[in-house]
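Peer 1: Fit chain B to the given chain A structure using the hints.
Number of protein chains: 2
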Amino acid sequence: MRILYHIPLSPFCRKVRLALAEKRIPFDLRLERVWERRPEFEALNPAHTVPVLLEDNGFAIADSYAICEYLDEAYPDIPLLGRTLGERAEVRRLVAWFDDKFHNEVTRNLLYEKQMKRQLGRGNPDAAAMRAGYQNMKHHLEYLGWLAESRAWLAGAQLSLADFAAAAHLSSLDYIGDVKWDLSEPARDWYARMKSRPCFRGLLTDRVSGVTPPEHYADLDF
Amino acid sequence: MRILYHIPLSPFCRKVRLALAEKRIPFDLRLERVWERRPEFEALNPAHTVPVLLEDNGFAIADSYAICEYLDEAYPDIPLLGRTLGERAEVRRLVAWFDDKFHNEVTRNLLYEKQMKRQLGRGNPDAAAMRAGYQNMKHHLEYLGWLAESRAWLAGAQLSLADFAAAAHLSSLDYIGDVKWDLSEPARDWYARMKSRPCFRGLLTDRVSGVTPPEHYADLDF
Numbered sequence: 001m002r003i004l005y006h007i008p009l010s011p012f013c014r015k016v017r018l019a020l021a022e023k024r025i026p027f028d029l030r031l032e033r034v035w036e037r038r039p040e041f042e043a044l045n046p047a048h049t050v051p052v053l054l055e056d057n058g059f060a061i062a063d064s065y066a067i068c069e070y071l072d073e074a075y076p077d078i079p080l081l082g083r084t085l086g087e088r089a090e091v092r093r094l095v096a097w098f099d100d101k102f103h104n105e106v107t108r109n110l111l112y113e114k115q116m117k118r119q120l121g122r123g124n125p126d127a128a129a130m131r132a133g134y135q136n137m138k139h140h141l142e143y144l145g146w147l148a149e150s151r152a153w154l155a156g157a158q159l160s161l162a163d164f165a166a167a168a169h170l171s172s173l174d175y176i177g178d179v180k181w182d183l184s185e186p187a188r189d190w191y192a193r194m195k196s197r198p199c200f201r202g203l204l205t206d207r208v209s210g211v212t213p214p215e216h217y218a219d220l221d222f
Numbered sequence: 001m002r003i004l005y006h007i008p009l010s011p012f013c014r015k016v017r018l019a020l021a022e023k024r025i026p027f028d029l030r031l032e033r034v035w036e037r038r039p040e041f042e043a044l045n046p047a048h049t050v051p052v053l054l055e056d057n058g059f060a061i062a063d064s065y066a067i068c069e070y071l072d073e074a075y076p077d078i079p080l081l082g083r084t085l086g087e088r089a090e091v092r093r094l095v096a097w098f099d100d101k102f103h104n105e106v107t108r109n110l111l112y113e114k115q116m117k118r119q120l121g122r123g124n125p126d127a128a129a130m131r132a133g134y135q136n137m138k139h140h141l142e143y144l145g146w147l148a149e150s151r152a153w154l155a156g157a158q159l160s161l162a163d164f165a166a167a168a169h170l171s172s173l174d175y176i177g178d179v180k181w182d183l184s185e186p187a188r189d190w191y192a193r194m195k196s197r198p199c200f201r202g203l204l205t206d207r208v209s210g211v212t213p214p215e216h217y218a219d220l221d222f
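Protein chains in written order, with the UniProt record's numbering: chain A, 1 to 222; chain B, 1 to 222.
No lab work stands behind these hints: they were computed from the structure. Source: prediction; values computed, not measured. Be aware that one or more of the hints could be misleading.
Identical copies look the same in the list; a pair holds intra-copy or inter-copy alike.
[Stated by the list, open to error] No more than 25 Å apart at the CA atoms, straight line, and that leaves these computed lysine-lysine pairs for DSS-like:
1. Lys-180 / Lys-23
2. Lys-114 / Lys-101
3. Lys-101 / Lys-180
4. Lys-101 / Lys-138
5. Lys-117 / Lys-180
6. Lys-180 / Lys-114
7. Lys-138 / Lys-180
8. Lys-23 / Lys-117
9. Lys-138 / Lys-23
10. Lys-114 / Lys-23
11. Lys-114 / Lys-138
Okay, chain A solo, but in the shape it has when bound:
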């Protein structure tokens, strides 16, 4: 069986899990503690990062950008990157928005400070970074809400990888109770729609050792 090497709270791994599940491509999950720098894993990805997708025939694809582009090329039946050049540019702009901008301004300041630092024994969360993260999240939820209100899905008329990238970051932050959903009702409504899709089930039943998610995490009518 196809294997996805992952870390449960990594938004980049979650994006790939959602894309695989939406495309109905079966896979097994394997936890990879990248900080242990396992030599067998280095052979699959010298960058020592997850996600890495290992196909049945031994073909390994490293990096969430490479994996998602690969999935749409190798399994095109349910396309997630749009059809026209214009749609595809908009999907990719928004994937970059969430994976770069949102990640640097929000996810890194909250998830890394509160969760990864503790896990890796790298000291206490930085209070200034966390304040910046909460402040930035406000603007990002407003932008997401504006997109969700003006379009059927974030990048346009079709569900796309842009929705999965956004939902991946927000679901990781929601797991540690850090999304203030009352900041944007349209963003909350969009996330409720995402959560109720079958592809989301795996994420909602995930539990990370030592971290209990808030009650609303897996609640579809949160």
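Peer 2: Just chain B now, kept in the frame of chain A:
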């Protein structure tokens, strides 16, 4: 004429300039001081980042990832992302290597600390970050040299976007005199090959106000 909004020392803009020039797609450069947050530019890219490519018909593409994928789809004659699924995964893995890993471990610690901070009036370079940048560059040049020795080009038999991503970061750092080329002869030889391509000419004649590059910067036999 097609316009590329850019900042001269941004490696992401340089990657797109190299891709456009290699594909022989004509374009005009326009300097965009993103920190001035020009409203007309926000309409092209609400993230306020460069590069943004504006096509003649008014179609704007934001983000270097979206632009490069677009270029290979819209102008496929000279492909830069590989042909087979395996080649394409390897090109994209390496683009991510340089745009994420190299950028965070090297470019950000040197170019941002020494150049951008001064330009934006954000204080003095952080000595610890710069030390880390030089230290990390050593490992990266070794890896690049290993790739260049074992393959015709970084991602395999064909010149690809992986070469342009790597050359973009290194050329920005070379402009501020921060690449220790004696650390890896194969990396230096590969860069000499890149520099002598016609597509590189624009980068080598660029001059940034207030920053004089070292003498070897535009020298093809450096």
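Peer 1: Hint by hint, note whether the structure agrees.
Peer 2: Verification of the supplied hints:
no., hint, in the structure
1, Lys-180 / Lys-23, "neither (30 Å within a copy, 46 Å between copies)"
2, Lys-114 / Lys-101, "both (19 Å within a copy, 22 Å between copies)"
3, Lys-101 / Lys-180, "within (19 Å within a copy, 31 Å between copies)"
4, Lys-101 / Lys-138, "within (14 Å within a copy, 28 Å between copies)"
5, Lys-117 / Lys-180, "within (22 Å within a copy, 33 Å between copies)"
6, Lys-180 / Lys-114, "within (16 Å within a copy, 37 Å between copies)"
7, Lys-138 / Lys-180, "within (8 Å within a copy, 43 Å between copies)"
8, Lys-23 / Lys-117, "neither (34 Å within a copy, 44 Å between copies)"
9, Lys-138 / Lys-23, "neither (32 Å within a copy, 41 Å between copies)"
10, Lys-114 / Lys-23, "neither (33 Å within a copy, 45 Å between copies)"
11, Lys-114 / Lys-138, "within (18 Å within a copy, 31 Å between copies)"
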